[in-house]
Amino acid sequence: MNSSTETKGGYDAPGLEGVVSDWAADKQAFDMPWGKLMMWIFLLSDTFIFSIFLTGYMNVRMSATDAWPSPSEVFALEIAGTHLPLILIAIMTFVLITSSGTMAMAVNYAYRGDRRRTVILMALTAALGASFVGMQAFEWTKLIVEEGVRPWSNPMGAAQFGSTFFMITGFHGMHVTAGVIYLTIVARKVGRGDYEKKGYAIVEIAGLYWHFVDLVWVFIFAFFYLW
Amino acid sequence: MSETAGQQHPIGIYLKIWVLLFVLSTLSYLVDFFHLQGYLRWSLILLFMFLKAGFIVAIFMHLSWERLSLKYTLFLPVIAIIVLIALMAIEGDYVNVTRHLFFDQ
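Residue numbers (the working numbering), protein chains in the order written: chain A, 39 to 265; chain B, 1017 to 1121.
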């Protein structure tokens, strides 16, 4: 606006100095807390990581000449005498969606200043996330011990099944674990009242991360388990 | 700064989206349960997946209330991913064909 009157400070300087002053100038492109923008940028980079994993999975599955093991059968469970395909994965999906719902409400209550409800909902979110990781540990154990799936081979078909499965779900599980720790730390600080002065954008930032973990699972569920 | 107040919406919208995500997840599970195959299976999986992803990003992550400049920042780079997927699909198909050509003796 008033940049035409205040063109000092290296703005008109030629060469590198001008570039530096442009990028160092006190301008704000995104009207949001710094941490929130950084979280969005981080999530964008994480999108690339998971996309590359899933694209690699697509590539090896398309090029594999052996039959791809049917995820529907590999991940089936016997519950009360009934054979249910993919049931554990379905339960894990519901758990993660539920945790996303509680997280969204935690963000809402945080901005309203209701600290007690925020802490309860965040703790619930973390507990659901932890149970997700627990179920994943059960799934991995069953796959490794009972089905004999290894990153380099498996008795059901294409060897690439194991490597892509362990890499993709392992990386996602690591994100969930990190999220549980992150949420626990933030929830504790909310409960202590550390953010009374700074404001509660931190809960929304933690929420963005958590929803992203849920979002990635939507794609893994579709492409790895259902395809 | 309008953003300092943060995102505030009635709680009800989160519950509605929650129920919707439950329904969509159940539907995608049923695709497998009823052993749908071929293009019907794949298109249904993709449909439910994109609906779920869209609701999570738009409502839970509040992106539909954010400014357009942020949306561009997030969605334009994704074009590179789509290009990568297309290239790797061609590549994977090619490798599969050559493997059958040379290893199926």
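Just so you know, the hints here were simulated from the structure itself, not pulled from any lab data. Wrong hints could be hidden among the right ones.
Rough simulated footprint, nothing fancy, chain B against chain A, three-plus residues with beta-carbon under 8 Å [said to hold, decoys possible]: (1) 84-91; (2) 100-108; (3) 117-129; (4) 132-143; (5) 164-172.
Taking CB as the label site, the calculated pair distances span [said to hold, decoys possible]: (6) F80(A) with R1083(B): 16 to 26 Å; (7) R230(A) with H1051(B): 50 to 60 Å; (8) S1085(B) with S108(A): 42 to 52 Å; (9) T120(A) with I1095(B): 15 to 25 Å; (10) E1107(B) with D50(A): 16 to 26 Å; (11) N1112(B) with K227(A): 51 to 61 Å; (12) S169(A) with R1083(B): 46 to 56 Å.
Where is the CB? At the ideal position from N, CA and C, for every residue including glycine.
So, going through the hints one by one against the coordinates:
1. 84-91: With 4 residues closer than 8 Å to chain B, the region 84-91 of chain A meets the three-residue bar; holds.
2. 100-108: holds (count 4)
3. 117-129: holds (count 3)
4. 132-143: holds (count 8)
5. 164-172: violated (count 0)
6. F80(A) with R1083(B): 16 to 26 Å: holds, 19 Å
7. R230(A) with H1051(B): 50 to 60 Å: holds, 52 Å
8. S1085(B) with S108(A): 42 to 52 Å: Once the Cβ atoms are compared, 45 Å apart, the range 42 to 52 Å for S108(A) and S1085(B) holds.
9. T120(A) with I1095(B): 15 to 25 Å: For T120(A) and I1095(B) the Cβ distance comes to about 45 Å; the hint is violated.
10. E1107(B) with D50(A): 16 to 26 Å: Taking Cβ atoms as reference, E1107(B) and D50(A) lie about 50 Å apart, which means the hint is violated.
11. N1112(B) with K227(A): 51 to 61 Å: holds, 52 Å
12. S169(A) with R1083(B): 46 to 56 Å: About 36 Å separates the Cβ atoms of S169(A) and R1083(B), which means 46 to 56 Å is violated.
In terms of the numbered hints stated before, the structure departs from hints 5, 9, 10 and 12, listed from lowest to highest.
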